[in-house]
Amino acid sequence: MTINELKDIASQVRRDIIRMVHACQSGHPGGSLGATDIVTALYFDQMQIDPENFRMDGAGEDMFFLSNGHISPMLYSILAHRGFFPVSELATFRRLGTRLQGHPTTAEGLPGIRVASGSLGQGLSVSCGAAQAKKLNGDSHLVFCLMGDGEQEEGQIWEAAMYAPAKHVDNLVAIIDYNKKQIDGSTDDVMNLGDMKAKYEAFGWKVYELNGNDMQQLVDTLNVARGNAHKGQPQLLLAHTEMGMGVDFMMGTHKWHGSAPNDEQAACALNQLKETLGDY
Amino acid sequence: MNLEVQNYKDTRSGFGEGLLEAGKRNPKVVGLCADLTGSLKMGDFQKAFPERFFQMGIAEANMIGTAAGLAIGGYIPFTGTFANFSTARVYDQIRQVVAYSNKNVKVCASHAGITLGEDGATHQTLEDIGMMKMLPNMTVIVPCDFNQTKNATIACAEYEGPVYMRFGRPKVANFTPADEKFIIGKAQMLQEGTDVSIFACGHLVWKAVQALPILKEMGINAELINIHTIKPLDAEAVMKSVAKTGCVVTAEEHMRNGGLGDSIAQVLALNNPKPLEMVAINDVFGQSGTPDELMKFYHLDTQDIIEAAKRAVARKVK
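Top line first, the protein sequences correspond to chains C and H. Going by our numbering, the first residue of the first sequence is number 1, and it counts up by one from there. Going by our numbering, the first residue of the second sequence is number 1001, and it counts up by one from there.
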């Protein structure tokens, strides 16, 4: 798939995000918009998957885990457009009885979801286990895990960060959505994360730093990471992103972490986002 | 059932043997341990299946998450650490990625209860049954002796779904049949009686066995049922027994709040309220001491079951 085609998909995903959170007047647009390019590159370019025949065990395919589950509208839109479930189902987001719960869950049987996430800090551990299962099975496919940056404040992240290199979980590619913002403000103010690259490198990870909103850089870096898999080290993409990317008034602030746009704001946002694949 | 002692063994060793046997029967069984391989008796499994054993270090949260990931990949993970690190320390992890996500993870907890002994209250978990039974999808098993723990471990591997299994540190009487198939959720009748129903779990089952002949001498013909599965509770067996005896004693090495007694009380209150006496720890933390000293001090001994049975019988409406 070309870079422009990937960008078009990302634009549609961003439209879906705005429409989903606007429709139910809840959800997390800021982080969803910021991480859209990363997960679009994974699902539409990088990952070898079979959406029509979703298997919980992911045997013979790449697997993705979203650790910061609150950016669920982005994931739901991408899964739907990739063919895991009907795009029309996006209209049910956060409604009573929906499979598209506020935070992703397996409880409602939504294809594409393998574990519940939302309580932060747990996805990297689950990804380690899934990656080790692949090793036991002799399956050379990769496991990808997207984490938030605020989530790095959770202790369990560092348990997993120590575990993966120590146990040579080298079929694991973790990605940090590094937007430097969390609910209460900038990560610098809330809990200075320090030098994330140096920290992960000190734990034994191979780290790549890139612009996580640059589709070309994402595709290139993910290809490099795939080439360096199975070489003894887990890998991490420190992907610098902008929370709210694509909608001017949502960028440069943490205030759209967990608030929905009103009618006027939604219309303004949608005016900035090209409809490419068709709205649900 | 023949209630003779065969030998004295720790229930955790039953877990170790059961895990080894489950590993032999099913190549999908994997073991994870947070730096307590010796204490959990997981060493034989580790030796037999080194590629299926994961040393997790002192990082229990990561262990639960990794276990969930292995379960997603089609494996049957058994996690092993002490009961407090298996539950309270990782409650949110178990809640989100095991119970809510309905993963086939077996959380196996040793050194449960007051009989952990000298290490004291920091390690004496008396709340774990309550925490675990509150989680939807979770099965909670508390076997009573070595043989039963071994057989329960094998049964856990054959059962699809999240399980919490609790066992203990000290050597205790081993008296259940070695070859008895463990049926999850099916209460075990140990002795039929007519005057009082004693429902016990874990180490308290043997304490209750010892109470039976003494009660008989007092003219109390007690029925003893081993509730080795706290959840799902065999409510039918409970109701059937109580319909016959008309009063109840529950006995467990756990807090009164949230324990076996609390589950039994709920069944009775909703269906057929009868006098109920609870042998359990009542809202206090433990302390250092030998297991036997502590069982006496906290009134979890055979004599306490006898007294409770007398009180229950006396409360029956004539």
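Think of the hints as simulated: they come from the structure by calculation, not from any bench. Check the hints yourself; a few may be wrong.
To be verified - Reference listing, derived: stretches of chain C covered by chain H, where coverage requires no fewer than 3 residues with Cβ under 8 Å from a Cβ of chain H:
# : stretch
1 : 79 to 87
2 : 170 to 184
3 : 227 to 237
4 : 271 to 278
Claimed, not checked - Per the computed footprint, the stretches of chain H lying under chain C, defined by three or more beta-carbons under 8 Å from a beta-carbon of chain C, are:
# : stretch
5 : 1070 to 1080
6 : 1111 to 1119
7 : 1178 to 1188
What the hints assert, rightly or not - Here are the computed distance ranges between Cβ atoms for each label pair:
#  : chain 1 : residue 1 : chain 2 : residue 2 : range
8  : C       : Gly83     : H       : Arg1025   : 36 to 42 Å
9  : C       : Asn228    : H       : Ile1058   : 55 to 61 Å
10 : C       : Ala107    : H       : Gly1038   : 45 to 51 Å
11 : C       : Asn228    : H       : Gly1074   : 51 to 57 Å
12 : C       : Thr2      : H       : Pro1050   : 46 to 52 Å
13 : C       : Asp195    : H       : Ile1058   : 24 to 30 Å
14 : C       : Lys180    : H       : Pro1050   : 51 to 57 Å
The structure displayed is predicted, hence computed values, not measured ones. We put the beta carbon where it would ideally sit given N, CA and C, even for glycine.
We went through each hint and held it up to the structure:
no.: 1; hint: 79 to 87; result: violated (count 0)
no.: 2; hint: 170 to 184; result: violated (count 0)
no.: 3; hint: 227 to 237; result: violated (count 0)
no.: 4; hint: 271 to 278; result: violated (count 0)
no.: 5; hint: 1070 to 1080; result: holds (count 7)
no.: 6; hint: 1111 to 1119; result: violated (count 0)
no.: 7; hint: 1178 to 1188; result: violated (count 0)
no.: 8; hint: C:Gly83 to H:Arg1025: 36 to 42 Å; result: holds, 39 Å
no.: 9; hint: C:Asn228 to H:Ile1058: 55 to 61 Å; result: violated, 30 Å
no.: 10; hint: C:Ala107 to H:Gly1038: 45 to 51 Å; result: violated, 38 Å
no.: 11; hint: C:Asn228 to H:Gly1074: 51 to 57 Å; result: violated, 27 Å
no.: 12; hint: C:Thr2 to H:Pro1050: 46 to 52 Å; result: holds, 47 Å
no.: 13; hint: C:Asp195 to H:Ile1058: 24 to 30 Å; result: holds, 26 Å
no.: 14; hint: C:Lys180 to H:Pro1050: 51 to 57 Å; result: violated, 43 Å
Checked against the numbered hints above, the structure breaks hints 1, 2, 3, 4, 6, 7, 9, 10, 11 and 14 and satisfies the rest.
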